[in-house]
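Line order of the protein sequences matches chains A and B.
Its first residue numbered 1, the first sequence is counted upward by one per residue in the numbering used here.
Its first residue numbered 192, the second sequence is counted upward by one per residue in the numbering used here.
Misleading hints may appear alongside valid ones.
Quick list of the computed label-pair ranges, beta carbon to beta carbon [what the hints assert, rightly or not]:
| id | chain 1 | residue 1 | chain 2 | residue 2 | range |
| --- | --- | --- | --- | --- | --- |
| 1 | B | Arg528 | A | Asp159 | 26 to 36 Å |
| 2 | A | Thr137 | B | Ile840 | 51 to 61 Å |
| 3 | B | Gln211 | A | Asp159 | 47 to 57 Å |
| 4 | A | Thr123 | B | Arg662 | 34 to 44 Å |
| 5 | A | Asp72 | B | Ile800 | 34 to 44 Å |
| 6 | B | Ala669 | A | Asp72 | 50 to 60 Å |
It should be emphasised that the hints constitute simulated quantities derived from the structure, not laboratory data.
C-beta: ideal position from N, C-alpha, C; glycine also.
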Amino acid sequence: MQASRISVKLWFSADDGLELDDFVPVFHAWIREKKLADEVMIDVADYAHVENGPGVLLVCHEGHYVIERHADRWALVYHRKRGGETDDLDRRVEVPLRRLAFAARLLEGEPELSKKVRFETSTLELAVRCRLHAPNTPEIRATLVPAIEGALQTRVGGDRVELEALADDPRKPFTVRARLPQAASLDRLAA
Amino acid sequence: MTATTWKDRLAGRLAPELEQEIDVFDKQLELRREGKIEEKLFAETRLRRGAYGQRYDNGRRHDGVREQTIAFPSGELTKGPETVWDAPGMMRIKIPFGALSAEQLEVLAELAEEYSDDILHVTTRQDIQLHFIHIDDTPDLMRRLAAVGITTREACGNSVRNVTACPTAGVCKGEAFDVSPYAKALTYFLLGHPDTQDFGRKFKVAFSGCMQEACGLAHIHDLGLVATTRTTEGGGVERGFVFLVGGGLGAVPQQALVLESFVSEDELLPLSQAVCRVFARHGEKNNRARARLKFLIKKLGLEKFRELVLEERERIPHDERWTAYKADIAPQDEPLRPPSTLLRKAGADPVFDEWYSTNVKPQRQDGYSVVTVTMPLGDFTPDQARGLADIAREYTGDTIRLTVEQNLVLRWVSNADIPAVFARLQALGLAEAGAGSIVDVTACPGTDTCKLGISASRGLAGELRTRLAARGLQADQAVGQLRIKVSGCFNSCGQHHISDLGFLGVGRNVGGRRVPHFQVVVGGQWTRNGGAYGLAIGAVPSKRIPEVVDRFTERYVTERTKDEGFQDFIGRVGKKQIREMLSDLMVVPGYEEAPDLYRDWADPREYTISDIGVGECAGEIVSVARFGLSDAERIVYEAQDRLEAGDAIGAVEGALLAMLTAAKALVRVQTFDIGDDPEQIVSEFRTRFYDTQLFSDRFAGGKFAHYFFRLHEKDRSSTSLDDAHQHIEEAQMFIEAAYACDERLGQMAAPAAE
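Isolated chain B (complex conformation) (with noise of 0.2 Å):
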């Protein structure tokens, strides 16, 4: 028979933990549409499965003249504070370490086609993201991704994101070894830990198989590991990482710190662990403003940091996990063909040679090299995925990297391939030459879908390519290798901190009329994996910035010293010179005078910060007892479905099941070494919750907790529908119960009001 849902088609072909993941989600969206799960949480569990919210998902748009509703159909329906349920969303998909097959491509291919815009966008983190997303779609494309080894879980939310790594990891000539890897190892020793349940915000970590390079750009992370060795006392050479903790970006950024200057192999996983359980334990969960670990390090300080980090380490479980991926350190890609010399007249083919100068490097094995695949803006299509499919199939096999310039790479291209690599690409519409060039301009998606965006930074970031190219700089031996990033608010998402010329979106108010503008920032570091921040000039209409772009360049090649690198430039020229270049552009005039300025980049509109929504970048603070207490009320719906069908077995263990689980998330609250063996949680909880009366309600005493303890104590295997029934009841009591006590907890523990 024909199988007429996805669930049905793809069965027996995810993995059993991310098929069952799957239907929980798919219950959660049915629970929620009944109103059986409250917005927040049902945010907080969508967002950290990946599903993100856009721009006008209130339910309000300004058409440039007033602000209208959106009349969606769901009506009052909504899948978080202010976000109606029809409203098109996001979904971030996570590629771990920028590493993606053909298979996978396809597949993305198919999702952006029938689900998005015909349009997938690679992010400044490695990710795929795709708009325009129906929640109502998630599920099967969860599903269609987990059926290739892809999992769009924790991609959000407060939890930890996408963990990337150095795109030519494993090929390149400076790096001490291949942190792919141990890149993939934490990747999945981190997703859906317990340990990393409970942040107050996002975490982000970042592989780099050198310090002096970028590629990594561990400064920037909340974890940066950085490939090292030692040489060992029998001579031997051991593997290991500069451990660095507490980076970040957004409205104030920080450079992360060393914490250990040398982490062994053994130690990455525990000690990473480790930090996770200080951030959830004593990171700011109230200020969303300050609850990145970056902040909670500089109010305890690195050292106190570091003596709760090791405290931490002492106490963990062991973990055969920590060493076990050990035995997978072998390279992850493998050339499909053999290595090569080009054979190519330089200067037969000017296209092919530019292209060539910018977009191919050679790899650190012979006859090989690196093709960089500039795509615009980061977006592709579903036929130039499916291009790039073949093309590695065909070339390179599954060794494609996304990068975190929003390009991607196709690694182990045998040389004498290169000629005919470049004529598919052409086909493809994905020959651009200028790959990390000053053309190759980074943008997050600013106003165009992003509900916190203040300025389009993407129609700058167009705009800027288109007239950069046409002036060839991308071949100038001094501004060629500038980097231009934009960032369409204090967020930073673009990263434009660590660019030569950074660009971040603000708005000012002239006249009584809102003038889009970016913050000019320069002078930020790229190479030393982001090794410093630029300094913030002033604020210049957005439809300026290109003049302003053309003054930077002008004046750096006219007046740098011989070899001057351009934030030395910017240090000796200094900050108030290079303010008085830029004064006459700041000052705007009137609306009449000049109407362009108060309109965006590619928006015809005139410029309003109405449409600026609730960001969701922050997740919802969801205490870990809650999401725990939900799942138990889950649990139970569905022990109510099998007592319908008639399985009183099946209905009286999910009865115990969501005890059970109810049990655990307040065990969970003093303890995070809690695992899933029942005696252990029913020991647990009547310690530390019923001995000490902390589950005594004050009519009912301890009765409800009585409920839990007979029944998981009781013979079930000749349970009746009528005893079943009963059990699904007091097993509702108990969780009710349980979420008074997580209340009545959550008071106890809040500062006293004065």
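Okay, chain A solo, but in the shape it has when bound (with noise of 0.2 Å):
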């Protein structure tokens, strides 16, 4: 699979009374303190008007960082849109999934946040947003739920991860639903 166009969700729980727009500060000073070194960062959107839209982002070269709410569940998304041409398909698990995960550790322990949030690391959602390469289809799920398996277990340092495709829709991404092991902390995905 030559597809580079990953997204990664984690889901987070908050403390009540949060917002979506929370989070434009936080992004703000994200770009302002240059704290994501990975990423060349260009400037945050607000989306919070639109029912499951995607609430805001934080828009960089590389991919966008999404905080969600839909149906009252918070995720952070990272959706990949170039710089991942590899064949490598680990590599290309790899680098949104670290990139995630780091950009999760540091909401935890983001002080303009004045609620807490903590991320749950034992369900992540994982699509290939490339219709050329991985449309949705039953041929293409059987060739890459085995292979996308085995760069999340390389990931999580070899234990078991079990996938489930999610096949609601064919017109929607290529989309899998991963049950990670419970030693799968933000620090191991991160590193």
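These two chains come separately, so use the hints to put the complex back together.
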């Protein structure tokens, strides 16, 4: 698979009273203080007014960091847009996952957030947003699921990862939900 | 074998001319990366393909404390003056008269996911915009759109922009007739037309089914066509248009004037073409601030302008397309389900009732209604787009239209299906009530993404929507139907001039610090096709605008006389009193006392205007000759590629085509009426440039022209690789000579320095 537009998502819980808007100054501060060394950070976009939309985005050259709140469930997503062109699938999975975990760790310790957030690392979602190389078809799922399983297992140090392909709508990007072993902490994923 | 590129995947699915255009653009990207196309020319090229710049694309951004450089990897490579190659841009996608199919919605959803930020944005001109797009992705994006019949060509730049029309054309009770097929015909007639390639500025066209409503907004357009009919001598009914010209908003708003009170179907296209020719020939090209058609008409006077248009009309060679389109005047869409009656008890579901009262209107055709889907700030997601496509496939067919109020309408909804459609919209998060009401605030992108934005138009619009909805004002009899529109700067993309309450972004300096403000503009007329422009009252800090709205609405409710419209109320109260009403809000306390005023909506950074960049609304002025000569260069590079591949015949034909293209580019400087016939091009070039010695070089004389004539006359069927190589070299010298000639012509035409 050549597709490099890989998105990864981790869910988090938050204290009552947290709003999407609370993340706007956080992302602005990250740009000002250059908190993400791997990224060329560009801007912050606020789509809190769109139901089940991308919420608040930190727009970077190679990808976007998105705070979502869908059906009252919070998540941080990293959409890789460019820069991942390599034949090595492990590497293509590793970089967005590492960046996501790094950002998640930052958010957990973020002083600008008035409410605490706590990431759950038992489940993550991974999507391949490239319909040219990875359309959401049974054939592609049959090939990609084991490959991604292997890449994720490498990432978490060899422990078993269980994958489930989400096949509700073939028009949507190829997406899998992964159950990670208990040892898959943010530190581990960000390493 | 699995396709590895979108070009391969979509082979055979694109119309050949669209495919070729995109291939040319792809090649131009490659040439720009290699530094073989000049940046200004490339900028106008990409603008004419809908690839627009965005804020911070000069590589600088103020972070609230200091200006930072954005270290894009592309370094010094640019895609236009002060526009870094890697900087994300915006893709404007024309949706002619707002008509979208389910399949097109699905493809747009894919593109938003893969290349953009998961948001599709409806503009105030019925376009879709996708933001944060990388220029390298644009050819594939264009191919995928072309595969479903959408072109981005001429979405931006000095060209004919998207042709808009009433979103209820064809189903409206008040229309003279359905303008959709006419909007479609004019769209595709003017698209890429030679007579529309040499404008000094953009050109906007709108169709309206009637004069009294708003929908088409003909009065604010360069060319406004309002459907009308007249009775013929034989007692029949003839369709035609009130033909308006020279409207526009911006810093100097102007209402369009009636050029002709009745233009027949047969004359619609040729007369529009004649207007374009006059604009191209006589319009201002140097002073960009005065280059719109409205300024030309003001300068000439309407009568002189009409005279020039009618002269051009007589001169234009006949074109079959002027009337061929009439064979396709049939209704553009048809119902999917039979007509029916809505059987529902009012009061059974207050949420549905509220939505029904604002978002559903009966159609002209009994048993059907038009359902407006409110899109907050014009934004919707890929999942919502797919959901809308599903609704269309199940209930309405491909009858979706976008609106200039940044919403979407579903037409031909059978009345009995309305509750089911509502439930589906609710599941998608698209069942907000209040479409077209005071809570349905429209805004341009402003400082969110636009390089010219001065104040946060979207931030303000979002705040107003929330506050007004919380007060339930959309249901208020007096103020519920007032329109609020917000523009981020004086360019008026939010169309604030024609709203009841309009706001336009301005900045003010207070004690050495910048404070975001909005100029308050009241009493515009939305109806009658944008029939009148509002009054500017004064500038108020951005964070106090909700208070401004409160004061206006409260005073209007309290003081209006029976059934007095808002525009009349404003006229009666008068500017002086209104200004007095707002005067305390215009006083800005110092930073220590009110620091929040020094930040704009939805942006925690201290306000600054240093992020304002070089706008691309005005495009780049590139002469029609330059475009042609650049094209000639591209063709000669491709000829070199063929030579390297051992294709001598392909290479020599490319060399000749390059010279024909360059020659045609020069001929077009003198006459628009030159086609693609090689014999005609050679003959015209010989007469106009060779015989007159205009093409003669001081040192080489007419030598380079001889290369052209000889190759044209030569039997090329058995050319060797060596000969092909030589002809390519000659073609390059001919093109260089053509550039020099164009420069000399420019110097001859320029006014002499004092």
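Hints, one by one, checked against the model:
Under the hint 26 to 36 Å, the C-beta atoms of B/Arg528 and A/Asp159, about 54 Å apart, miss the expected range. Range check, A/Thr137 to B/Ile840: about 43 Å between beta-carbon atoms, so the 51 to 61 Å window is missed. Roughly 53 Å separates the CB atoms of B/Gln211 and A/Asp159, a value that falls within the hinted 47 to 57 Å. For the pair A/Thr123 and B/Arg662, the supplied restraint of 34 to 44 Å holds, since their beta-carbon distance comes to about 41 Å.
The given range of 34 to 44 Å is respected by A/Asp72 and B/Ile800, whose C-beta atoms sit roughly 39 Å from each other. Taken as a hint, the range 50 to 60 Å is violated for the pair B/Ala669 and A/Asp72, whose Cβ atoms sit roughly 37 Å apart.
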